[in-house]
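Trainee: Here are the chains, one letter per residue:
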Amino acid sequence: SQTIHQWPATLVQPVGSPLSLECTVEGTSNPNLYWYRQAAGRGLQLLFYSVGIGQISSEVPQNLSASRPQDRQFILSSKKLLLSDSGFYLCAWSVRGGVPEAFFGQGTRLTVV
Amino acid sequence: QQQVKQSPQSLIVQKGGISIINCAYENTAFDYFPWYQQFPGKGPALLIAIRPDVSEKKEGRFTISFNKSAKQFSLHIMDSQPGDSATYFCAAIVARAGGTSYGKLTFGQGTILTVHP
Chain A
10 SQTIHQWPAT LVQPVGSPLS LECTVEGTSN PNLYWYRQAA GRGLQLLFYS VGIGQISSEV
70 PQNLSASRPQ DRQFILSSKK LLLSDSGFYL CAWSVRGGVP EAFFGQGTRL TVV
Chain B
27 QQQVKQSPQS LIVQKGGISI INCAYENTAF DYFPWYQQFP GKGPALLIAI RPDVSEKKEG
87 RFTISFNKSA KQFSLHIMDS QPGDSATYFC AAIVARAGGT SYGKLTFGQG TILTVHP
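From first to last, the protein sequence lines are chains A and B. Heads up: the first sequence begins at 10 in the numbering used here, then just goes up one per residue. Heads up: the second sequence begins at 27 in the numbering used here, then just goes up one per residue.
Just so you know, these hints were derived from the structure itself, not from any lab. It should be emphasised that the depicted structure is a prediction, and the values quoted were computed from it without experimental measurement. Don't take each hint at face value.
[Claimed, not checked] Here are the simulated EDC-like cross-link-like pairs (lysine to aspartate or glutamate), alpha carbons at most 20 angstroms apart as the crow flies: (1) B/Lys-68 x A/Glu-110; (2) B/Lys-31 x A/Glu-110; (3) B/Lys-68 x B/Asp-110; (4) B/Lys-94 x B/Asp-79; (5) B/Lys-84 x A/Glu-110; (6) B/Lys-130 x A/Glu-68; (7) B/Lys-68 x A/Asp-94; (8) B/Lys-130 x A/Asp-80; (9) B/Lys-68 x A/Glu-31; (10) B/Lys-94 x B/Asp-57; (11) B/Lys-130 x A/Glu-110; (12) B/Lys-83 x A/Glu-110.
[As the list claims (entries may be wrong)] Calculated from the model, a selection of chain A residues having no Cβ within reach of chain B, i.e. all distances over 10 angstroms: (13) Val-21; (14) Val-24; (15) Thr-37; (16) Asn-72; (17) Gln-79; (18) Gly-96.
[As the list claims (entries may be wrong)] To give a feel for the contact side, a few chain A residues facing chain B, derived at Cβ under 8 angstroms: (19) Asn-41; (20) Gly-52; (21) Leu-53; (22) Leu-55; (23) Tyr-58; (24) Leu-99; (25) Ser-103; (26) Pro-109; (27) Glu-110; (28) Phe-113; (29) Gly-114; (30) Gln-115; (31) Gly-116.
Think of the CB as a built atom: it goes at the ideal place given N, C-alpha and C, for glycine as much as any other residue.
Working from the sequences, and respecting the hints, build out all of it.
Mentor: Printed below as a string of structure tokens:
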């Protein structure tokens with residue numbers, strides 16, 4: 010069966026520090042991968058998606074970037090965090106060309122102080 | 027045109043009652059409509075989904091009703107239980123082959139459901 014791992018679960022970082030959140034998917038190949046951000050425990054905003062290694066599309070301009078160095082690995086990064094980067098970050102995957110639902114990881118609660 | 031509007035923002039139901047959450051969309055290219063359930067501090071989990079070629083889908087106590095002409099769909103939770111207390115999100119996607127959505131979901135803003143014992 011497929012599983013998605015996302016870490017860390019919580020993170021407190023000072024303003025101006027770098028960020029690296031990692032997500033890996035097991036049990037599938039060539040997944041579509043996504044990073045979402047959820048503010049104030051409510052709506053989900055798509056930040057990045059990837060359909061293959063090295064292929065990243067950004068949905069909104071921001072202080073963050075994403076990379077996909079391996080087929081089932083997706084990384085969210087920032088060189089210098091802002092207070093406004095605080096939120097709940099969720100990685101998700103879907104089957105390319107298959108069932109269209111996305112399956113989410115457990116999320117990372119990021120607090121920038 | 028990509029928006030999905032969800033209501034109500036919050037809902038309080040007594041145990042055993044029926045919870046109803048509504049969503050409306052504009053983009054007629056959407057062709058798959060999943061619902062997600064999210065508990066505090068956790069990622070959303072897929073609950074149930076429907077395609078627009080059917081008007082209703084039922085899985086246990088959860089039912090999706092779909093009105094294609096009105097571009098509306100709703101989630102009904104029968105015999106609501108305190109364990110159903112969570113945030114519910116409707117979503118929409120252009121899933122058909124050849125589409126360029128790449129599986130990107132458009133989410134509603136969520137409904138916080140509280141079921142009192």
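Trainee: With reference to the structure, classify each hint as holding or not holding.
Mentor: Status of each hint after checking the structure:
no. : hint                  : verdict
1   : B/Lys-68 x A/Glu-110  : holds, 18 angstroms
2   : B/Lys-31 x A/Glu-110  : holds, 19 angstroms
3   : B/Lys-68 x B/Asp-110  : holds, 14 angstroms
4   : B/Lys-94 x B/Asp-79   : holds, 8 angstroms
5   : B/Lys-84 x A/Glu-110  : holds, 17 angstroms
6   : B/Lys-130 x A/Glu-68  : holds, 10 angstroms
7   : B/Lys-68 x A/Asp-94   : holds, 19 angstroms
8   : B/Lys-130 x A/Asp-80  : holds, 18 angstroms
9   : B/Lys-68 x A/Glu-31   : holds, 16 angstroms
10  : B/Lys-94 x B/Asp-57   : holds, 10 angstroms
11  : B/Lys-130 x A/Glu-110 : holds, 9 angstroms
12  : B/Lys-83 x A/Glu-110  : holds, 16 angstroms
13  : Val-21                : holds, 15 angstroms
14  : Val-24                : holds, 24 angstroms
15  : Thr-37                : holds, 13 angstroms
16  : Asn-72                : holds, 21 angstroms
17  : Gln-79                : holds, 19 angstroms
18  : Gly-96                : holds, 13 angstroms
19  : Asn-41                : holds, 4 angstroms
20  : Gly-52                : holds, 5 angstroms
21  : Leu-53                : holds, 5 angstroms
22  : Leu-55                : holds, 6 angstroms
23  : Tyr-58                : holds, 6 angstroms
24  : Leu-99                : holds, 5 angstroms
25  : Ser-103               : holds, 4 angstroms
26  : Pro-109               : holds, 4 angstroms
27  : Glu-110               : holds, 5 angstroms
28  : Phe-113               : holds, 4 angstroms
29  : Gly-114               : holds, 5 angstroms
30  : Gln-115               : holds, 5 angstroms
31  : Gly-116               : holds, 5 angstroms
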